[in-house]
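*Asks:* One-letter residues, chain by chain:
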Amino acid sequence: MTQADDPFLLVHAYCDGELDPANALAFERRLAADPRLAAERDRIQALKRAMTRLKPAALPPAGLRSRIETAVGLRRPAMRPTWSALAASVTLAVMLSSAATWSVLAPSRAGLVEDEVVGSHIRALMGAQPFDIASSDRHTVKPWFNGRIVQSPRVVDLAAEGFPLVGGRIDVIAKTPVPSLVYRYQKHLISVTATQGLGAPPRERVADGYHVIGWTDGGVSYWAVSDVGVGELEKFVQLFRAAPTDG
Amino acid sequence: MSDERTRFANVVLPHLGDAYALARWLARNDSDAEDIVQEACLRAFRGIAGFGDVNARAWVLSIVRNTAFTWLKKHRDPRLIAVENIELVEAPGPEEDGGPFAGPSSPEASLIERADAARLEAAIGALPEEFRETLVLRDLQGLDYRAIAEVTGVPIGTVTSRLARARRRLMAQLGKDTE
Chain H
1 MTQADDPFLL
11 VHAYCDGELD
21 PANALAFERR
31 LAADPRLAAE
41 RDRIQALKRA
51 MTRLKPAALP
61 PAGLRSRIET
71 AVGLRRPAMR
81 PTWSALAASV
91 TLAVMLSSAA
101 TWSVLAPSRA
111 GLVEDEVVGS
121 HIRALMGAQP
131 FDIASSDRHT
141 VKPWFNGRIV
151 QSPRVVDLAA
161 EGFPLVGGRI
171 DVIAKTPVPS
181 LVYRYQKHLI
191 SVTATQGLGA
201 PPRERVADGY
211 HVIGWTDGGV
221 SYWAVSDVGV
231 GELEKFVQLF
241 RAAPTDG
Chain A
248 MSDERTRFAN
258 VVLPHLGDAY
268 ALARWLARND
278 SDAEDIVQEA
288 CLRAFRGIAG
298 FGDVNARAWV
308 LSIVRNTAFT
318 WLKKHRDPRL
328 IAVENIELVE
338 APGPEEDGGP
348 FAGPSSPEAS
358 LIERADAARL
368 EAAIGALPEE
378 FRETLVLRDL
388 QGLDYRAIAE
398 VTGVPIGTVT
408 SRLARARRRL
418 MAQLGKDTE
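Residue numbers (my numbering), protein chains in the order written: chain H, 1 to 247; chain A, 248 to 426.
Honestly, the hints are just simulated from the structure, not real lab data.
Watch out, some of these pointers could steer you wrong.
To be verified - In silico BS3-like cross-links for lysine-lysine, where the CA-CA straight-line distance does not exceed 27 Å:
no., chain 1, residue 1, chain 2, residue 2
1, H, K187, H, K142
2, H, K48, A, K423
3, H, K48, H, K235
4, H, K175, H, K142
5, H, K48, H, K187
6, A, K321, H, K55
Using the sequences and the hints, build the whole thing.
*Replies:* The structure is reproduced here in structure tokens:
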């Protein structure tokens with residue numbers, strides 16, 4: 001038996017969801033026929049569950065982040081904000097939008113909006129919480145937006161598909177407050193930002209290691225941003241667009 | 248603000264938490280972990296132009312683990328540090344050769360599942376470095392096999408066998424009653 005089809009090795013890939021559907025099905029037949037193999041699967045799953053109970057990893061000490069930022073020149077020793085670098089793109093956009101050069105630069109406006117959308121996602125990851133309201137219930141999240149911005153976004157429930165809603169937040173893109181929904185996929189977060197009148201989103205892009213997928217629906221542009229694999233993000237976008245609209 | 252700095256802030260800083268967690272698991276010591284992460288970040292900053300815009304997290308973690316191994320070699324007794332091909336040096340013990348398994352699994356599986364967190368953490372800490380980093384990347388940081396292969400610089404087959412051997416050790420240890 002080669003290593004590649006040693007069932008006692010494959011059972012780990014099976015438990016980790018690393019087998020494609022055809023191989024997973026074939027493996028399930030082997031599991032059904034071999035009690036020793038099934039017992040190994042039970043032990044592995046028990047171990048994986050035990051590991052989820054370990055206390056969450058300690059946060060990096062505050063001093064570490066500031067030492068690193070100082071070392072690479074992101075902050076002067078006594079300066080406070082972590083935000084300086086990230087705020088740069090916002091400042092730039094504000095400058096451009098008020099400048100007479102606007103018409104010359106207009107074609108790259110979508111690029112600037114994209115920078116801000118990705119920047120908002122990154123800022124959200126770095127904060128204490130990636131959302132302003134934490135809720136897995138779309139009937140809580142949607143009304144929360146209603147009280148704060150003119151148009152509340154389309155909120156769909158994708159928990160059954162493996163993308164639970166975790167909350168919502170308001171981002172400021174091109175000086176306009178816009179809604180962002182936050183979904184989770186395994187340990188990754190996905191931000192969905194909705195904009196209007198800020199240009200068409202890109203169909204699919206990579207920016208600073210984040211995948212961005214955009215689409216337009218009923219005059220609203222949607223931007224999905226995440227560090228999940230592009231395949232997962234595409235699946236998410238498909239599900240999001242196909243999900244029934246809430247009332 | 249230079250492009251490199253903005254890029255560093257966007258690519259590296261969001262993964263500082265994961266970087267620190269991995270360094271702690273590899274170094275088993277908070278202050279060493281801090282030194283390792285700081286050095287890794289400086290390396291990442293110098294190499295930011297070489298980042299290929301694919302998987303920022305895997306890229307950052309690979310720099311952290313490479314820095315950790317260099318750092319630990321320099322600062323600790325080299326005999327304590329894992330060798331490159333641990334699979335060749337370490338003969339599989341009887342508890343991890345893939346079978347035979349004694350008896351029905353359910354009592355053992357439930358012992359494993361109820362294992363005390365401190366005991367589990369100590370058992371993970373006692374694994375050989377290569378097994379430990381593979382297990383931590385998969386089960387605590389949630390990377391898939393392909394990303395782990397990228398971070399640790401080994402083929403996916405090696406990732407699978409390291410993971411299997413790490414888990415077999417833990418299962419054998421936790422499946423035994425403490426009495």
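*Asks:* Each of the hints needs a verdict: does it hold here or not?
*Replies:* So, going through the hints one by one against the coordinates:
1. Between the alpha carbons of H/K187 and H/K142 the distance comes to roughly 24 Å, so the proposed pair stays at or under 27 Å and holds.
2. For the proposed pair H/K48 and A/K423, the alpha carbon gap of about 17 Å is at most 27 Å, so the pair holds.
3. Proximity of H/K48 to H/K235 is assessed by CA-CA distance (about 26 Å); at most 27 Å being required, the pair is judged to hold.
4. With a CA separation close to 22 Å, the supplied pair H/K175 and H/K142 stays within the 27 Å bound.
5. Annotation: proposed proximity of H/K48 to H/K187 holds, straight-line Cα distance about 15 Å (limit 27 Å).
6. For the proposed pair A/K321 and H/K55, the alpha carbon gap of about 30 Å is over 27 Å, so the pair is violated.
The structure does not agree with numbered hint 6 stated previously, though it agrees with all others.
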